[in-house]
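Visitor: Dock chains B, C and D against the given chain A, drawing on the hints supplied.
Protein chains in written order, with the numbering used here: chain A, 156 to 492; chain B, 156 to 492; chain C, 156 to 492; chain D, 156 to 492.
Be aware that one or more of the hints could be misleading.
A pair counts as met if it fits within one copy or between any two copies, since identical chains are not told apart.
Below are the SDA-like pairs computed for lysine to any residue, each with C-alpha atoms no more than 25 Å apart in a straight line [said to hold, decoys possible]: (1) K222 / W163; (2) K357 / D370; (3) K381 / D370; (4) K381 / Q189; (5) K239 / Q270.
Keep in mind that the hints were calculated from the coordinates and are not lab data.
Number of protein chains: 4
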Amino acid sequence: MIIVMKSWAEQEHIDKVVQRLAAIGCEAHISVGQSRTVIGAIGDREVIQQQPWRAMAGVERAVPVEKPYKFVSREFQPEDTVIKVGSAQIGGGVFAPMAGPCAVESRDQLFRTAQAVREAGATILRGDAFKPRTSPFSFQGLAEEGLQLLAEARQEFDMPFVAEVLDPREVELVASYADILRIGTRNMANFALLSEVGKVHKPVQLKRGFTATIDEWLNAAEYIYKEGNHEVVLVERGIRTFETATRNTLDISAVPVIKHMSHLPVIIDPSHSSGRRHLVVPLARAAIAVGADGFIVDVHPAPETAQVDGDQALLPSEFEELMDQMRNLAAALDLTI
Amino acid sequence: MIIVMKSWAEQEHIDKVVQRLAAIGCEAHISVGQSRTVIGAIGDREVIQQQPWRAMAGVERAVPVEKPYKFVSREFQPEDTVIKVGSAQIGGGVFAPMAGPCAVESRDQLFRTAQAVREAGATILRGDAFKPRTSPFSFQGLAEEGLQLLAEARQEFDMPFVAEVLDPREVELVASYADILRIGTRNMANFALLSEVGKVHKPVQLKRGFTATIDEWLNAAEYIYKEGNHEVVLVERGIRTFETATRNTLDISAVPVIKHMSHLPVIIDPSHSSGRRHLVVPLARAAIAVGADGFIVDVHPAPETAQVDGDQALLPSEFEELMDQMRNLAAALDLTI
Amino acid sequence: MIIVMKSWAEQEHIDKVVQRLAAIGCEAHISVGQSRTVIGAIGDREVIQQQPWRAMAGVERAVPVEKPYKFVSREFQPEDTVIKVGSAQIGGGVFAPMAGPCAVESRDQLFRTAQAVREAGATILRGDAFKPRTSPFSFQGLAEEGLQLLAEARQEFDMPFVAEVLDPREVELVASYADILRIGTRNMANFALLSEVGKVHKPVQLKRGFTATIDEWLNAAEYIYKEGNHEVVLVERGIRTFETATRNTLDISAVPVIKHMSHLPVIIDPSHSSGRRHLVVPLARAAIAVGADGFIVDVHPAPETAQVDGDQALLPSEFEELMDQMRNLAAALDLTI
Amino acid sequence: MIIVMKSWAEQEHIDKVVQRLAAIGCEAHISVGQSRTVIGAIGDREVIQQQPWRAMAGVERAVPVEKPYKFVSREFQPEDTVIKVGSAQIGGGVFAPMAGPCAVESRDQLFRTAQAVREAGATILRGDAFKPRTSPFSFQGLAEEGLQLLAEARQEFDMPFVAEVLDPREVELVASYADILRIGTRNMANFALLSEVGKVHKPVQLKRGFTATIDEWLNAAEYIYKEGNHEVVLVERGIRTFETATRNTLDISAVPVIKHMSHLPVIIDPSHSSGRRHLVVPLARAAIAVGADGFIVDVHPAPETAQVDGDQALLPSEFEELMDQMRNLAAALDLTI
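Here chain A stands alone, though its shape is the one from the complex:
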């Protein structure tokens, strides 16, 4: 931590900061500049970061030098985390295409979609049984019945599936069916939920909060990681900005930023970020080109009847065309798909 003093700070203010550092077992390196003094605090990162430095007289601000997370950082583990689920792989030179309906609505809708995406080349099935809806009057999902259908589809089409979990009380239930759990964007900072999925022995997809910084997102991953679950997949799904032409602004730069800072795999959700069907295909192509480890795409056999997010679902035929393009790009980039 760098503690920047105010230009009018007196020696006694500096002394107090130094004493506080000593009291918590840390060292102070003092630099006296042209117009102000700067104190480098050396010692236990977490202890230092939790002091309210700015509440001390004469302190202007405190600039952290270290990130608040540790286990998910590339400094802690230089090599990429690679995750295997059934026959599928995420990371390690393998681009993982995940696809399926946003919400499971019926056996027929799920099976038609699962068959189509499997044949087109998807390796992991998506489909939610619990939906977090902005309005209390909207369709909330099929609950356990949806999970049972997903388990049958897994059997039928030999694909592991990912499903969202919304409530700490439902983690056990969802984990008893799903191969991968997903934490949605609205729950990224729901620490009670993060702790629960951290205790489960299944991979977790952690969607970025649409208003979370990359640091906050990695911190949320740390919550899961420190509980013992090390198989975390980060999902970039767009952030909230002033632009309204898309539902959210896909922060594609987050992929190389994360690759630099963390060893965790990161995938792109072009469906929920854009909210518009005709944008999904170009954004999915960008995902592989920028270095993501996979994508997760909404597909629906009849989007105009979908109960959730029909505006953004690809038709099975559109997904098939997309997968053709993805295979060309994977070859050009020397990746397996």
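Guide: Relative to chain A, chains B, C and D alone:
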């Protein structure tokens, strides 16, 4: 809902929209414009809003005419909701000053603060026993022991208290002690938690998600309201923007916007929005001038030792001075404080 | 400047940074931490800030300790700048109400408005002759004819006036009529224009770019200041955020932040920030309570016929009521209005 | 335009809106809904959009159905605009790689860079002679001398070049040297400058304002287009968001959005959006995959000595590697590069 067709849309596309509206029991009003057709959809608001109109061929966009919430709107209830808790009142011409420590740390810290804010004129005590911390390594609160201390302080200083609840499994516990429950900014869209507090017979403070629009915030209030709990107090606490000089950007305009759209009381949190002690007093003054029904302010007897958010806590003496200014302003604005 | 090295940086990387600092005549203070080295760069602020530190091998980031501006900072001049224009004053315990039509449309419209706001207590007249319009097809203002009408209104009602200047080629013209020049929000970073108004001997209102940080805004003021014009008034007029209930989000916290960092007066524009008539009065009240040195408000005798921004203009009668409230608040706050 | 009335609006309010529409030569289509009336306004788009509808009693809001721009829309011109400059082409199945130094610093720096990027496959040279700097104390560019050096480099390496113009008074000068003019992000809404470049017979690169919506950006293009200059290239260079891990957030979705709405070519600037060297290569790959018509990349022979934006400049060798990857991707996507 207004359904705007694409300029190239054909009669058959228009017909399909009209048929869909008929199928869900709604009427279509068609306006043929210079370059495109626009269809007014008349009928049940919720049914119409849940159709994926943009997924239909030839549809450019669908513009909602009605808001998604109903019970919390001023159209549903024209007169202001006024909330009484013990001797305190929120709304109805009474400005409610709420103050206390961000987190309960010890009996001494809590009681010193409670006594000071009570003497200065605060009518409701704040103090949290459960803290949602960005880092898993930070202080997480005293839990039930904190609630017990708060209940003792209530007795001693004759002030009802408000405390945060983080987890649906803890709603019953917190509600068994606290006079008012608080949903924090990170949980505004935690629908499992909103439903639980909606079943409790105690007022709820609903903090605005720091990335939530006013419409989303009112929608979250609707979640609580529809479960039967009608005593919801909205808390504006700043939104996330590009500006970093303050922790968040206090959206002071939200107060008159809400007053126009909803009958619920709305208060300001100048401490968490600004994150800086020297900004709290001017923002608290702005709160009463703009028409808020109260404020909630962090006070700490020794901010530089605070375990949570010490940077923003007022000293008891600063709070006392603030209350003097507030009384002058209340008189000028013809309000009771 | 604090230069933070990467955790893997070697001695040679550190040496190169130290050598570079020596080459530009600066000193290096080296702190070796647990996991990385941090270098404090001491010397000429501007020279240090212009080096591309992050382009050097082994450097993670460079954290500025000093602000990039100097003359407009409170460290350079501790006492408030107070500006006098004719009989009006801005700052120094005087709250300056400025009002008038957004755009000058006709003699009749201008004079009716000027008379009304003068009688209600405004001390400075606003009215623009050049309008920057988003669409090339919109009304662009009356140009010099508008300035002539404003000059006549000044004579008639004994009020100095402020008018916007859009183009460096028109600075001389506008300055030959107006008492105060205004730089609009879209031109805050138009450095060619800032330099020109910096050479004029008339006060300048500098609106915050709706996407500018406070630091960038103060930097723009520095551009004007360093050319020799020290009479700069900062105008907070809202920033662009994700919230669409208001045209922009009034950043009311910017007022106490600026008061802390700069000696320049700062006023609020509640009309352009909110874009809605019914929000103007509460936000104007908040302006004086938070510590602003004035406001600038749109008034129009017939808003529904206004050629620019009619949605936000107050009626003369509404402005009169507002001024009654402002006088009460000024008394409570011990200010002159 | 759709005019949405308030739920409490009376017949007389509706009548007044209808009368106003009649007065401006437009028609009204009235839909009476469950709780409110909606009026479709049919007639001249520009005339309707300029009325202050919300200032009329009983009107809640006015929702535009048509975009404010016309000539740059795909409805006006369905086929893509293709631009040829010397031997280079932008659009029409050709991906245009543009590269060079951010600022021209010296003959040697420019020529070394130009030679390297030409050999690696760039078709257009970038290099600025006028720089808009946030601080008045920073390097402002070599001015006309820089333009002369660029003209010599064009001759030597047979590459057209693009250079920024900052001031309406300098358009003629820059246009007398450069093959393509560029409007920078801070000037996107500098309408005086847009008008001037609209009169020039050279292509114009229009950078997106970092706080501009896509609609505002297309509107700015309309400003240039309507003056007679139809060769406008849109440059996506990132928008300002809350994320600080990158200088700005590259809005990659803007590319397919623009392709849908406009016939103008659109390119990506991965250097200025990210501000970090190691992010440039992955983002450049994403640019071609998402469907952009080119990129513009900063290259510098010695970034750590660059006078402007050295943090983001690629080394010549890095650019060469990037171009190898781009050729593979172009082949996979069936594009010419």
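Visitor: Now, for every hint given, state plainly whether the structure supports it.
Guide: Consistency of the hints with the structure:
1. K222 / W163: Classified as between: cross-chain Cα gap 15 Å, same-chain 29 Å, threshold 25 Å.
2. K357 / D370: Answer is within; shortest intra-copy Cα gap is 24 Å, inter-copy 36 Å.
3. K381 / D370: within (16 Å within a copy, 36 Å between copies)
4. K381 / Q189: between (43 Å within a copy, 22 Å between copies)
5. K239 / Q270: Within one copy, since 22 Å is at most 25 Å while 47 Å is not.
Every hint from the earlier list agrees with this structure, and none is contradicted.
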